[in-house]
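Colleague: Residue numbers (the working numbering), protein chains in the order written: chain A, 1 to 396; chain B, 397 to 754.
One or more hints might be untrue.
Said to hold, decoys possible - Chain B regions said to be covered by chain A (calculated; three or more residues, Cβ under 8 Å): (1) 426 to 440; (2) 617 to 625; (3) 713 to 723.
To be verified - Calculated Cβ distances over 10 Å to all of chain B for the following chain A residues: (4) 9; (5) 37; (6) 56; (7) 200; (8) 203; (9) 204; (10) 237; (11) 256; (12) 288; (13) 376.
Claimed, not checked - Computed far set for chain A versus chain B, every beta-carbon distance over 12 Å: (14) 54; (15) 59; (16) 93; (17) 125; (18) 126; (19) 155; (20) 174; (21) 199; (22) 217; (23) 230; (24) 255; (25) 282; (26) 303; (27) 321; (28) 373; (29) 379.
Just so you know, the hints here were simulated from the structure itself, not pulled from any lab data. We treat Cβ as the ideally placed atom computed from N, Cα and C, and that holds for glycine.
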Amino acid sequence: MSDSAKDLHSEHMVINMGPSHPVTHGTVKFLLTLEGETIVDMKVDIGYLHRGFEKMCENGTWEQVMPYTDRLNYVSPLINNVGYALAVEKLIDIDVPERCKYIRVIASELARISDHYTNIAASGLELGAFTAFLYFVEARELIWDLIEMMCGARVTSNYVRIGGIKNDLPDGFKTKARESFKRCRQLWADVDKLLTKNRIFIDRVRDVGIMPPDEAIAWGFTGPCLRACGIPYDVRKFHPYLVYDQMDFEVPVGAKGDNFDRYLVRMEEINQSMRIVEQAMEKIPSGPINVDMPEYRWQSKDDIGNRIESLIFHFKTVIEGIKPPKGEIYSAVEGANGELGFYLVSDGSGKPYKCRVRPPCFPLTAAMPRMVKGGFIADIVPTFDMINMIGGECDR
Amino acid sequence: MIPDLIESILKILFIFGVNIGFFSPILGWVERKQSALMQDRVGANRADIFGFTIIGLFHPIADAIKVLTKEDFIPDGADRLIHTIAPFVSLTPAIIAFAVIPFGGQYELFGHKVNLIIADLDVGILFIFAFASLGSFGAVLGGWASNNNWSFLGGLRASAQMLSYEVVMGLNIIGVIMVYGTLRLSEIGAMQVDLFDWGIFLQPVGFVLFFTCAIAENKRAPFDVAEAESELVAGYFTEYSGLKFVMFWMGEFLEIVTISALVTTMFFGAWHLPFVSDKMLVDFFLGFAGDNGATILAMVVNIITFFAKVVFFIWLQMTIRWTLPRFRYDQVMRLGWKMFLPIALINIFITGLVLLVK
Numbered sequence: 001m002s003d004s005a006k007d008l009h010s011e012h013m014v015i016n017m018g019p020s021h022p023v024t025h026g027t028v029k030f031l032l033t034l035e036g037e038t039i040v041d042m043k044v045d046i047g048y049l050h051r052g053f054e055k056m057c058e059n060g061t062w063e064q065v066m067p068y069t070d071r072l073n074y075v076s077p078l079i080n081n082v083g084y085a086l087a088v089e090k091l092i093d094i095d096v097p098e099r100c101k102y103i104r105v106i107a108s109e110l111a112r113i114s115d116h117y118t119n120i121a122a123s124g125l126e127l128g129a130f131t132a133f134l135y136f137v138e139a140r141e142l143i144w145d146l147i148e149m150m151c152g153a154r155v156t157s158n159y160v161r162i163g164g165i166k167n168d169l170p171d172g173f174k175t176k177a178r179e180s181f182k183r184c185r186q187l188w189a190d191v192d193k194l195l196t197k198n199r200i201f202i203d204r205v206r207d208v209g210i211m212p213p214d215e216a217i218a219w220g221f222t223g224p225c226l227r228a229c230g231i232p233y234d235v236r237k238f239h240p241y242l243v244y245d246q247m248d249f250e251v252p253v254g255a256k257g258d259n260f261d262r263y264l265v266r267m268e269e270i271n272q273s274m275r276i277v278e279q280a281m282e283k284i285p286s287g288p289i290n291v292d293m294p295e296y297r298w299q300s301k302d303d304i305g306n307r308i309e310s311l312i313f314h315f316k317t318v319i320e321g322i323k324p325p326k327g328e329i330y331s332a333v334e335g336a337n338g339e340l341g342f343y344l345v346s347d348g349s350g351k352p353y354k355c356r357v358r359p360p361c362f363p364l365t366a367a368m369p370r371m372v373k374g375g376f377i378a379d380i381v382p383t384f385d386m387i388n389m390i391g392g393e394c395d396r
Numbered sequence: 397m398i399p400d401l402i403e404s405i406l407k408i409l410f411i412f413g414v415n416i417g418f419f420s421p422i423l424g425w426v427e428r429k430q431s432a433l434m435q436d437r438v439g440a441n442r443a444d445i446f447g448f449t450i451i452g453l454f455h456p457i458a459d460a461i462k463v464l465t466k467e468d469f470i471p472d473g474a475d476r477l478i479h480t481i482a483p484f485v486s487l488t489p490a491i492i493a494f495a496v497i498p499f500g501g502q503y504e505l506f507g508h509k510v511n512l513i514i515a516d517l518d519v520g521i522l523f524i525f526a527f528a529s530l531g532s533f534g535a536v537l538g539g540w541a542s543n544n545n546w547s548f549l550g551g552l553r554a555s556a557q558m559l560s561y562e563v564v565m566g567l568n569i570i571g572v573i574m575v576y577g578t579l580r581l582s583e584i585g586a587m588q589v590d591l592f593d594w595g596i597f598l599q600p601v602g603f604v605l606f607f608t609c610a611i612a613e614n615k616r617a618p619f620d621v622a623e624a625e626s627e628l629v630a631g632y633f634t635e636y637s638g639l640k641f642v643m644f645w646m647g648e649f650l651e652i653v654t655i656s657a658l659v660t661t662m663f664f665g666a667w668h669l670p671f672v673s674d675k676m677l678v679d680f681f682l683g684f685a686g687d688n689g690a691t692i693l694a695m696v697v698n699i700i701t702f703f704a705k706v707v708f709f710i711w712l713q714m715t716i717r718w719t720l721p722r723f724r725y726d727q728v729m730r731l732g733w734k735m736f737l738p739i740a741l742i743n744i745f746i747t748g749l750v751l752l753v754k
């Protein structure tokens, strides 16, 4: 640097990125200190979408928590439903019928597919690839149609129940799913062509937001972001729940842990999830979808109308809530973003004493400064997209 | 004298009408419809008059009404004067640049010579460059005067990017000038009668580079780092609303037209049809239209040919814009200085070598 340049008075630019900024969707604020375009420092400010989920849970019965979980990761609500139901069932020690497990697997995987679609689509959009965005939105629409067919809602699904599910799969679901997947695969191939081999896209995401594996573990990474670092940790494989141990699927891993690896891992997981859904639809046995434990799961409407025991249990569970035994439990499922854990404490009453959620994107968001410091403002875009921070889940 | 005046006024009205009256409103619609087509959507079709939507063509009118009735907002602490001037600085050069682009050849009508170019400057290309560079002041001033950090960053990016790409663009032009031996755009156009005299065959590398640089100069995707909506909100026009915003926007669209016209003139045979010379056209029409009639018909065919080519390049730019993601700022600069500049220099060298050997 020449002397005259040294004498020039210059200072860092401190700038608020968010909470209302196109890139900070999910509502978060970055306080950036910039030197030109380079990020010198970054502070992450979360909490703009805090709704007191955990406190709300304490004021409702165990059953009433279910719709709240829809609003955690609102892109893949079915996984939250399943995660919460599994946690409560673990607390009570319920083993749901086989058919129910399969349907839950199908639901979770559909939700995962739609989450990955949304994530990749939005990343493309923010990097300027608007066409890729709309291709995946079309694919997501097909998946949402399936979800709507399954549970009647597209986003706020509220499908799973403690000890069962709301309703069985509708007629013709299998055929519809096959047709949708066919189109989804075409769209996947189109987006793959538009992005994966696109030099501009690769330049934007490769070697950006690198996280070494050891640090990723230290930060508490899980899910696609951890797998992108080369660590094949997947709750579905390491602590199989439902019927994942009977499914044939692979866990894609990345090599470097940069945004490109995260993108590739997600793209491949879409395929693997489709495989799981197809297998589950093949293998699904017939049988009941709810446990026969009237103190925890309502009997059928027919029984409630005709059998006095069912009516009493129905009355008791609706008014007072189901009463799991005293105790505490941690149960995790593989959410679309990583390990989605529920820590539940029961004092034996009809309401949760404590319902704590381990959101997968909280540690990821916390590591944002580590990943973008020294990079450019433009690097925030793909990095923040690829950690897929969902405000509802992160702030709760 | 009087015929000259009438001719000039007619030409100015024509170009003005085509650009301001046709291209700039219609391109907004085209962009919406084309992106919709590429993305399996329907696109703009809501604006209607008595239930008629005519494939969304009322949208430009609806937009115009909306824009005219919007509040003209100037943020606190902004430099009011410069903030107001900036959009004019951005739009005016885009309108003026078309003055030196020929949209047809030279004709003899009723004993009066008609030259289908508003101002036949002998430094036509340089004139366009001068005015294109002036346009970048609009972005810089707008970004600087808005008193907003995002605008400021956008303005800085815009100025750096436009300066760098102007250098490469200028060097590309040198290849064309060497081949045709003139700076006058009407002469360059007139020389491309034979298909294999078109610039695309004489300067293929120059064409690719020039077209890319021109898109970059116009700051459209994939080079839209200056307005990068996901990074800088809207870049240098973050703090603009209403008509002033639209002036930036119109400037951008008119530059698309200018770039297409320039590329057509220099590389794609200007107003000539491939394999059909002007003389053949006139001879063909002479059979049934008489002397002046044949000339007029030939003139019309030439103008249509020219604008058809322009429309093709507009389409090409739109397709590129809706296909590719955005570069990062440093990648844009690296591409300009480290890739395009050396290639442009090598191109000049090889062009010179070929000319020397010939």
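Colleague: Would you mind marking each hint as holding or not holding in the structure?
Modeller: These are the hints, each one checked on the structure:
1. 426 to 440: The restraint on the segment 426 to 440 of chain B holds, since 5 of its residues have a Cβ under 8 Å from chain A and three suffice.
2. 617 to 625: Three-residue rule met by the segment 617 to 625 of chain B, so holds; n is 6.
3. 713 to 723: This one holds; 6 residues, not fewer than the three required, reach chain A with a Cβ under 8 Å.
4. 9: For residue 9 of chain A, whose nearest Cβ neighbour in chain B is about 17 Å away, the distance exceeds 10 Å, so it holds.
5. 37: Violated: least Cβ distance 6 Å, not greater than 10 Å.
6. 56: About 33 Å separates residue 56 of chain A from the closest Cβ of chain B, which puts it past 10 Å; holds.
7. 200: Violated, since 5 Å does not exceed 10 Å.
8. 203: At roughly 6 Å from the nearest Cβ of chain B, residue 203 of chain A sits no farther out than 10 Å, so the non-interface label is violated.
9. 204: 6 Å, violated
10. 237: Residue 237 of chain A is indeed farther than 10 Å from all Cβ atoms of chain B, at 33 Å.
11. 256: 18 Å, holds
12. 288: The claim holds: residue 288 of chain A sits with its nearest Cβ about 42 Å from chain B, beyond 10 Å.
13. 376: 6 Å, violated
14. 54: Answer for residue 54 of chain A: holds, closest chain B Cβ roughly 32 Å.
15. 59: Holds, since 39 Å exceeds 12 Å.
16. 93: 48 Å, holds
17. 125: 8 Å, violated
18. 126: 4 Å, violated
19. 155: 21 Å, holds
20. 174: 26 Å, holds
21. 199: For residue 199 of chain A, whose nearest Cβ neighbour in chain B is about 9 Å away, the distance does not exceed 12 Å, so it is violated.
22. 217: 29 Å, holds
23. 230: Correct as stated: the minimum Cβ-Cβ distance to chain B is 25 Å, above 12 Å.
24. 255: The claim stands: residue 255 of chain A keeps its Cβ more than 12 Å from every Cβ of chain B (closest is about 22 Å).
25. 282: 31 Å, holds
26. 303: Per Cβ check, residue 303 of chain A is outside 12 Å of chain B; nearest 48 Å; holds.
27. 321: 45 Å, holds
28. 373: Holds, because the least Cβ-Cβ distance between residue 373 of chain A and chain B comes to about 16 Å, which exceeds 12 Å.
29. 379: The assertion about residue 379 of chain A is violated, with a minimum of 7 Å to chain B.
Of the numbered hints given earlier, the model fails hints 5, 7, 8, 9, 13, 17, 18, 21 and 29; all others are met.
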